[in-house]
Amino acid sequence: MIGDGKQWVSWIHIDDVTSVIDYIIQNKIFGPVNLTSPNPITNANMSSTIAQTLGKPNYLHVPKFSID
39 MIGDGKQWVS WIHIDDVTSV IDYIIQNKIF GPVNLTSPNP ITNANMSSTI AQTLGKPNYL
99 HVPKFSID
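Each residue of the sequence shown is one higher than the one before, starting from 39 at the first, in my numbering.
For the record, the hints were derived by calculation from the structure and aren't laboratory data. Warning: the hint list may mix true and false statements.
[Unchecked claim] Pair by pair, the computed Cβ-Cβ distance ranges are:
hint : residue 1 : residue 2 : range
1    : Y61       : N96       : 17 to 25 Å
2    : P101      : D54       : 18 to 26 Å
3    : Q64       : A89       : 18 to 26 Å
4    : V47       : F103      : 17 to 25 Å
5    : Q45       : K94       : 15 to 23 Å
6    : K66       : K102      : 39 to 47 Å
7    : I67       : Y97       : 38 to 46 Å
Keep in mind it's a predicted model, so treat the numbers as computed, not measured. Backbone N, C-alpha and C define an ideal beta-carbon position, used for all residues, glycine too.
Please construct the entire structure, taking both the sequences and the accompanying hints into account.
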């Protein structure tokens, strides 16, 4: 978990990212494109979910001062 885990993140699956990139290239879209989830979660929740999905402990914490 990074920092105190209270940071909000909007995660998106890699397949969705690559599909959007392909769409952008094929349709010659220019300018900013935001790829986000409609349902953001906290960093703590995401870390816990990833650890649980992988069957691994969720004990690695990056101190907040190291990301400021």
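| Of the numbered hints stated previously, which ones are contradicted by the structure, given in increasing order? | Hints 1, 2 and 3 are the ones this structure does not satisfy, whereas the remaining hints hold.
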